[in-house]
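Residue numbers (my numbering), protein chains in the order written: chain P, 1 to 240; chain R, 1 to 308.
You may find that some hints are simply not true.
Partial selection, computed: residues in chain R whose CB lies under 7 Å from chain P [stated by the list, open to error]:
# : residue
1 : GLN109
2 : ALA112
3 : ASN272
4 : LEU275
5 : SER283
These are calculated hints, taken from the structure and not from any lab test.
Nothing here was measured: the structure is a model prediction, and the numbers come from that model.
Glycine included, C-beta positions come from ideal geometry on N, C-alpha and C.
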Amino acid sequence: MTKNNSEAIAEKDSFSISNMQRRQFLQFAGASMALTMGLISCKKEEIPATTPYINTDNTIDFKDDTGLLNYIYALEQIEAAFYVKATANLPASFTPTQVLFFNDIKLHEIAHREFFKRFLGVTAIGVLEIDFSGIDFTDATAVLNAARTFEDLGVAAYNDAIVRCKNDYNLILLSQVATVEARHAAFVCSQVSALSFADLTELAPLGADATNALDVMLAPGKVLEQASKYIKTKLNIINL
Amino acid sequence: MNMNILNIIEETEKVDGAVYERLGPRRSALKHLLNVGQKVSLAAIPLSLSTMFQKTYSQTTPNTASIDSLNLVLALGYMQFQFYNNALTATPALIPVADKPIITTLRDQEQAHINVLTKAITDLGGTPRALMPYANFDYTRVNANVTTNYGTFLRTAVVLEDLSERAYKGQLITLMGTPVLATAVRIHTIEARHSAQLRQMVNKLQIATLKYLRPWVSIRRNDADGSDLLPITGNDSMIGVLNPVYDIDAGLLNRETKTIQAGIELIGIGGNINLTAGPAAESFDEYLLTATVKTAANLFIKTGFQLT
Numbered sequence: 001m002t003k004n005n006s007e008a009i010a011e012k013d014s015f016s017i018s019n020m021q022r023r024q025f026l027q028f029a030g031a032s033m034a035l036t037m038g039l040i041s042c043k044k045e046e047i048p049a050t051t052p053y054i055n056t057d058n059t060i061d062f063k064d065d066t067g068l069l070n071y072i073y074a075l076e077q078i079e080a081a082f083y084v085k086a087t088a089n090l091p092a093s094f095t096p097t098q099v100l101f102f103n104d105i106k107l108h109e110i111a112h113r114e115f116f117k118r119f120l121g122v123t124a125i126g127v128l129e130i131d132f133s134g135i136d137f138t139d140a141t142a143v144l145n146a147a148r149t150f151e152d153l154g155v156a157a158y159n160d161a162i163v164r165c166k167n168d169y170n171l172i173l174l175s176q177v178a179t180v181e182a183r184h185a186a187f188v189c190s191q192v193s194a195l196s197f198a199d200l201t202e203l204a205p206l207g208a209d210a211t212n213a214l215d216v217m218l219a220p221g222k223v224l225e226q227a228s229k230y231i232k233t234k235l236n237i238i239n240l
Numbered sequence: 001m002n003m004n005i006l007n008i009i010e011e012t013e014k015v016d017g018a019v020y021e022r023l024g025p026r027r028s029a030l031k032h033l034l035n036v037g038q039k040v041s042l043a044a045i046p047l048s049l050s051t052m053f054q055k056t057y058s059q060t061t062p063n064t065a066s067i068d069s070l071n072l073v074l075a076l077g078y079m080q081f082q083f084y085n086n087a088l089t090a091t092p093a094l095i096p097v098a099d100k101p102i103i104t105t106l107r108d109q110e111q112a113h114i115n116v117l118t119k120a121i122t123d124l125g126g127t128p129r130a131l132m133p134y135a136n137f138d139y140t141r142v143n144a145n146v147t148t149n150y151g152t153f154l155r156t157a158v159v160l161e162d163l164s165e166r167a168y169k170g171q172l173i174t175l176m177g178t179p180v181l182a183t184a185v186r187i188h189t190i191e192a193r194h195s196a197q198l199r200q201m202v203n204k205l206q207i208a209t210l211k212y213l214r215p216w217v218s219i220r221r222n223d224a225d226g227s228d229l230l231p232i233t234g235n236d237s238m239i240g241v242l243n244p245v246y247d248i249d250a251g252l253l254n255r256e257t258k259t260i261q262a263g264i265e266l267i268g269i270g271g272n273i274n275l276t277a278g279p280a281a282e283s284f285d286e287y288l289l290t291a292t293v294k295t296a297a298n299l300f301i302k303t304g305f306q307l308t
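Looking at chain P on its own, in the form it has when it is part of the complex (with noise of 0.2 Å):
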């Protein structure tokens, strides 16, 4: 999934090189349990080249990279749907600063959404139709938690995503998203209560940890349990 780009090549250049080899190696390592499943063989002539792929069926296949950057496109799509809606009309308790600041959280949505879809290209799953009947956009308390919702799980798909990211290049990408999914989350959690910008006790069902004052983290399938429910198209999810 890595960009054929001179941008690209220099920022992987940037980081060191021999924990570049050493990772290399950790993949390959790997690669040969996976021939005690009968998926691949460890002769070197025998490994495919690469074939291009076209995803046809809104397919997420966990078993690499690119299945989990169109899970986390399809989570860029489910926020950038909410904050489209809310904002064509918020409801007007909301005061100045905070049209603002949901404005420019709308635009960031749309951002990752649009960068997610050129980033996986053909590899990508379709424009999804979303559901938020179940959210009453003419009350602020609801908006507001709506958002929180969105973003706190949000940041909890990211955190993990990074860690199970095989690509040294996509893992960046993912925390580079990650932490401003997190503003995000500090903002809206904060026009709740004052104290809420991090209050990890609240969030420890998404994994948080307050003793060691770690942020959020939830793997897929947990997080889908709660995100597909604003998701009508049909996704085709496996190897999760």
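Could you slot chain R onto chain P? The hints should help.
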């Protein structure tokens, strides 16, 4: 099967010339494996081999790179903890009563990170850096009135949190494949939450040049109407000397005002004309690598205690 194993070793040698030395005592195990191949289940061999390699590379090599990474961010943990702790204990009148619980949470979470990092370094067989006391630091870069002016205090805190978040991001690849990666990732989104909270508090004070400061790292804005200040220069702290915190690593493009990610321009992407330079830059945070992190951190560390 023996042929295949040799292929693996051969491939390994291409990326790690020292593979045979690294295997160390396992070389005899490898020979044994090659010799007894016919006697054990063929299917079991690749698994054993894989386990052996995982052990060789994941556990038996001293993980000095990870230890160095964690010790770097540990210094930033002390930098932040001492800053909040001093305000809460030495100059408590600085902080409005209503904000005390917020600053206390920030202080306590930084202490928790110090504890987690210290334990992680010890678990890796490393030596955690010695405690850095308040006296090691110089927090006057935003303004010398940092202990008497709450706005200066908050602005300084924002910079420390933003620096820390970028610093963690710059260490993630080094930590890839280790259990500490998840810890670092989960700390770095906490630092982002801290920054967002503090940036809102600065915004509320409506300080000149910062009237449109965002919870997210952004470009400079006009105080009059909040429009993007173009051309894009500097950083949204509006303090030039703090540029290393928000700027590039030498030779790279990772300035916080960057709008092109992985070669994809975010300004106007997908026909969204409202996605101007400001929101495009805000939508991605940027990593910062070790050398620049040290340069930026040393802005806040006194001579004699600086990171080298």
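Hints versus structure:
Interface restraint check for GLN109/R: the shortest CB-CB distance to chain P comes to about 4 Å, inside 7 Å, so the restraint holds. The interface hint given for ALA112/R holds, since its Cβ lies 4 Å from the closest Cβ of chain P, which is under the 7 Å cut-off. The interface hint given for ASN272/R is met, as the beta carbon of that residue sits about 5 Å from the closest beta carbon of chain P, less than 7 Å. Look at LEU275/R: its Cβ gets to within about 5 Å of chain P, closer than 7 Å, so that hint holds up.
A least Cβ separation of about 4 Å between SER283/R and chain P falls short of the 7 Å threshold, and the interface hint therefore holds.
The structure is consistent with each of the numbered hints, conforming to all of them.
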